[in-house]
Amino acid sequence: MSQQKILSRPSVGAFMSKYGIVVIFVGLCIILSIMSPVFLSMRNITNVIRQVSIIGIVSMGVTFAIITTGIDLSSGSMIALISVVVATLSQNAMNPDQPVSIVMPIAIAVAISLLLGIILGAVNGTLTAFGKIPPFIATLGMMTVARGAAALYTRGRPVGDLKETFTFIGTGSIFGIPLPIWIYLAMGILAHILLSKTKFGRHVFAIGGNEQAARICGINVEKTLVKVYAFAGFLTAVSAILLTARTSAGNPTYGLSYELDAIASTVIGGTSLSGGVGSIPFCVIGALIIGVLNNGMDLMGVNAYWQQIAKGVIIVAAVLIDARKQKRG
Amino acid sequence: MKKTVLVLVAMCMLILPTAIFANGQQEDGKILIGAAMSSFSDKGQTYLQDGVREFDAENDDVEVLMTDAKDDAAVQLNQIETLLVKGVDAIFIVPVDISALKPVFKKCKEDGVKVVIGNRMPAEELWGEFDVYTGSESIQAGILQAEWVAEAMQPEGGKVGIIMGPLGHEAARMRTEGNKQIFAKYDNIEIVMDAEGKWDRAKGMQIAENWIQSGANLDAVLCNNDEMAIGALLAAEGANLADDAIIIAGVDATPDALEYLGAGLDVTVFQNMNAQGYNGAIAAYKLAKGESVEKWDWIPFETVTPENMSEYK
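Protein chains in written order, with my numbering: chain A, 18 to 346; chain B, 157 to 469.
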């Protein structure tokens, strides 16, 4: 009875409980646009979204993992490994100084890299689902191994001299909008449909809500988990390819602590670390909040030391406000 | 009973070799040198390590044991302790965080193991703890970089931004300090922006993109390393800024940066990492043999521009 009352009454509280983080995001944008006149220029907006796309795509995979009460700590290191792999496969010419250097068509290089991401993700998932290792540990292991493998693969050096057809993925535009934004959008739609419109998505929520109950309902928990981490690996690979193309090089030092930014975006976007709750559009908003913060502070020339403090405070404050609104609503 | 004996015998077998070879020479008469490196995956450091390996390959009477601390001070501490147990005669350390190494310095003194510090300049209160320092003064890189940029900006002067390495990192701090010292001498140059690029190309690119968007109209961007400078020049390219509209400066003269020098990148500063590694190994070798070595072995920085870049390729 009381629940129906809340549902039927379109109160401010109910609105805030659902869209609190969007309100915070809009508020942040208004403040920044007042403080920096160029903030809302079309060029800067595409600039921000392009910068966000890399973490944004990773964080959508992390959202899946967190909804199942899991986590993915390996994304940053996997970006490093996949970036050097795709770079060595996309060079203009063979480089005899590198342990591995193969010239091949870009489409194949990209396909191999995506496959590598899926495989590494599936390893995470298999360790978690069948090995019964907590995902924190399984992905922590992958984080360490992938970083080491990336350094080993290139002897710790960056890989440059990439084909222009490849760097176009990160630097080109279609209809005046940078390609990374299109890819971010496409991945967002794909992830959103998977999560909210398919049986797989329902299983993901069911596992996060109550794994035992999901099992009793006949959901193959193990198989679903492997798929979740494989999908996260796939998205990580997409990010790695974008990053490599955008910077015209692969580097084993890339992606350092990206996993934390991705987790932060996810959590700011309202995904509960205790599982069962989360959505892709809100995850995008979460990533945008971090991106807008970085961008705004650079635009205003905020001192580097203060930037870090401000970023940390604003992230925690955003989640705090959101959490309180939810309680009240 | 049997078990206890077995365990005792096993322990003796483990301890015996280290006890015998702990001080002085190895079994086959070779001098044993420990090289405790900060990170095998830091590209700049790999050139230093190559210098050490070169020395090792050239000298038959030396064996170099190299360790990778993965940029973790605690790991490095453990590795140096292990090297001491293995009985090295001298040790060449590229410290992750030198203040964390105080306990091993004491142990080195007790064991009579000579200590060479490389690449990263220890703070003054630690100068008594080691025998030789081989490296460059980080502030010099910042000074050379800013001197070149300041001259190139004359007579108009203008506004500059500095993209720094990780905050609190000695090289990042001192290179930035060097920049500031030089620009303080010019009335017509103002530092209007600074941000932390964490040595990372993508991060440097992001910062430079935002600065270009901000309408600050920077005349020069100085970066604490080349990777961030490449990021900055890619950002300028992406924004269709003409090459001569903005001066971009890096440090390190990495092979990648040399590719971009004259094509977006205007100047970089060469730190001879290879020589640092090679000289560090020589110093350790000489000390182990009981020869005396100058305490300060300065490897100078060199300004690299498109005009003289062929010497560094």
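Be careful, since some hints might not be right.
[To be verified] Incomplete in silico selection of chain A near chain B, CB under 8 angstroms: (1) N109; (2) N112; (3) P113; (4) P116; (5) P175; (6) N268; (7) L273; (8) A321.
Since the hints were derived computationally from the structure, they do not count as laboratory data. For clarity, every value in this text was computed on a predicted model and none was experimentally measured. By construction, the Cβ of each residue, glycine as well, lies at the ideal position given by its N, Cα and C atoms.
Structure-based check of each hint:
1. N109: violated, 12 angstroms
2. N112: violated, 11 angstroms
3. P113: violated, 13 angstroms
4. P116: violated, 13 angstroms
5. P175: Holds, about 6 angstroms.
6. N268: Since the shortest Cβ distance to chain B is 7 angstroms, the answer is holds.
7. L273: Since the shortest Cβ distance to chain B is 7 angstroms, the answer is holds.
8. A321: OK, holds: A321 (chain A) within 8 angstroms of chain B, min 4 angstroms.
Of the hints listed earlier, those the structure fails to meet are numbers 1, 2, 3, 4, in rising order.
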